[in-house]
Amino acid sequence: MALLQISEPGLSAAPHQHRLAVGIDLGTTNSLVATVRNGISVVLNDEEGRALLPSVVRYLADDSVQVGNVAQAMQSADPVNTIISAKRFMGRGLHDIGDTLGMPYRFVDIPAAGPGQGMLQLRTVAGVKSPVEISAEILKTLRARAEASRGGELVGAVITVPAYFDDAQRQATKDAAKLAGLNVLRLLNEPTAAAIAYGLDNAAEGVYAVYDLGGGTFDISILKLSRGVFEVLATNGNSALGGDDFDHRIYCGLLEKNGLSALSPQDTRLLLTRARAAKEELTDRSETRITALLGSGDTIDTVLSRQDFYAMSQNLVANTLQPVRRALRDAGLKVEDVKGVVMVGGSTRMPQVQRAVAEFFGQTPLTNLDPDKVVALGAAIQANVLAGNRSADDWLLLDVIPLSLGIETMGGLTEKIIPRNSTIPTARAQEFTTFKDGQTAMSIHVVQGERELISDCRSLAKFELRGIPPMVAGAARIRVTFQVDADGLLSVSAREMISGVESHITVKPSYGLSDAEVTRMLQDSNQHARDDMQARALREQQVEAEQLLEAVQHALEQDGDALLDEAARVNIRANMDRLREVLQTSEHLAIKRAAAQLNEATVAFAQARMDKSVSRALGGKKLSDLEI
Amino acid sequence: MAITLSENASKHVLNFLAKRGKGIGLRIGVRTSGCSGMAYKLEFVDETSDDDLRFESGGVTVLVDPHSLPYIDGMELDYAREGLNEGFRFNNPNVKDMCGCGESFKV
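Residue numbers (this note's numbering), protein chains in the order written: chain A, 1 to 628; chain B, 629 to 735.
In short, the hints are calculated from the structure, not lab data.
All figures in this text were calculated on a predicted structure; none of them were measured in a lab.
Check before you lean on any hint, since a few could be wrong.
To be verified - Here are the computed lysine-lysine pairs in the DSSO-like style, where the Cα-Cα straight-line distance is at most 30 Å:
| # | chain 1 | residue 1 | chain 2 | residue 2 |
| --- | --- | --- | --- | --- |
| 1 | A | K339 | B | K650 |
| 2 | B | K650 | A | K224 |
| 3 | B | K650 | B | K669 |
| 4 | B | K650 | B | K639 |
| 5 | B | K647 | A | K339 |
To be verified - From chain B, some residues computed to sit far from chain A (all C-beta separations above 12 Å):
| # | residue |
| --- | --- |
| 6 | T632 |
| 7 | L681 |
| 8 | R682 |
| 9 | P698 |
The C-beta atom is built at its ideal place from N, Cα and C for all residues, glycine as well.
Using the sequences and the accompanying hints, generate a full structural model.
Next up, the structure:
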């Protein structure tokens, strides 16, 4: 007969109505699945008692697929068809990845012909596979494990994603889940999941930091808990810093100490494995012995003390504190404001990391849950609530958008509509107007980024608002609304307020940015703040000058012959030519001067036109006829 | 008669209660529904009612409402593993007929 679990009071499920839900930590290196059973969040192991599923997928010629440890074992034998770290490719175009030289894969670049396209693919022996399909294989394996463990079908899953994941990466994760036959209850930010696992949602209100040092990446998130609601205030990190770098330091130390250089790939791998083992041993011991027999016949026998290891990895630890400072600054907070610190990721087991974090924050970080499992455990708790298995504590989680969202305005400038680090879900609106007389359509270009010029930001989508009634420039009122839902997906609508015409787009964003790129874009925006300001001033001047030229041209065509003599016309045209000429340069002040001169040259003309239109309007009418 | 827990079951219940951090014991009962008459109810207890019948087994307090008792009197609760799945099993002497899955039963 069926095996039953203990429910919360009053929440026993009817037969066959069990709301089985799981939390999935879909990681770069390893993935896990957890569930709440008998009121406790537990990680589900496979038949061999292993909790961690290596995020490795191997495609075979007979169309079969291997996932996890089996695939990992074949990594060096069949590198082309064995895909590791597919998470890094989710929602990414080939040019987003940067250095692909170190990777053995046969990439297929799918150019972004339109929104929603442009994610790279990989050619394997079983055909071309997208990162979404590869991730779906991992999710399918975890789903099968969960269903075998819970004895039934899942109603849904909560899947965790890094807080910095952009819209494209979140959408790709959702697509992968769908492909794996999983109903996504929601995507949850990894740091938020970790905080939930520690029960911080029931803790005192305040600000918490989540320090996540994994195998190859470092992330810091600042969360704020108020009235049971989590809000991500800021995120930061380093996508190229993790436990592997600590192994590498030991490895370099070994080479130096033994006077070795240029090892074979096999020896390198052997020594890195030994280095990793030594690192792990030094968590509990004050010294460890590293021995190895190299292919060259050389032997290595070195004793490494904890102190030596601390010394050689000191700056790695210090490097993690930089992003921590930046995140605190972004959140507008001081170290003293942080009430608690949560440690996530296997690398936070290292005592020197724990000590440095404790020193930085002036308090002991939370480490009693397994740092490899804490994210999945938190996701399972959230899934359990969303599936309706808990009544009382219904909490809502707020997340944050990593980069500002905005639209392009005249002259290639960015107008930010939702600033970065805004909590989601959110909706913001702003009004825009037409640039030219009689303009009946407007192109809305949605971008992501911090820079002032559109060319420095990332294009997400383009759409058009048509059917604007012809009006003079500046008279139309077009309200552009940005809405970001709880999963971080963006929809944009534009509405002309007078006529009510409307157009909108759900940004199935083309593809997004890697966390490294997010970091780079933020750094750029800081470094280029002054340049950007000048560029904006120049563009604004240019746009203004173009508008002036347009207006004068229009006026000349209409009234030039009637109201001006030849000399005045020549003078105005000469001034126009001079302005056109300096417009080609990027001399901000020269443009300003030329525009002012043209303005001056047309004062009399403008006066004459004004008189003419007044006399036309009033001509032949009595004062009493006028409605004033 | 009474309700009893196997040693394995009581060990797990005590563990779950400890990790949950609150709760008086375990409520076992039946209710109508399901594909074959009655269904079991298995819940943590935070509040007792005056009518509740109280049993002690292996250090676990078991509460049963008087209406349910006739259906489950003499039952032993066990904890079992089936492959990757694990959970509580009801060894109920009153059951005459079960639905295929065993989640509901007839007496």
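Going through the hints against the structure:
no. : hint             : verdict
1   : A:K339 to B:K650 : holds, 25 Å
2   : B:K650 to A:K224 : holds, 27 Å
3   : B:K650 to B:K669 : holds, 19 Å
4   : B:K650 to B:K639 : holds, 16 Å
5   : B:K647 to A:K339 : holds, 24 Å
6   : T632             : holds, 16 Å
7   : L681             : holds, 17 Å
8   : R682             : holds, 16 Å
9   : P698             : holds, 19 Å
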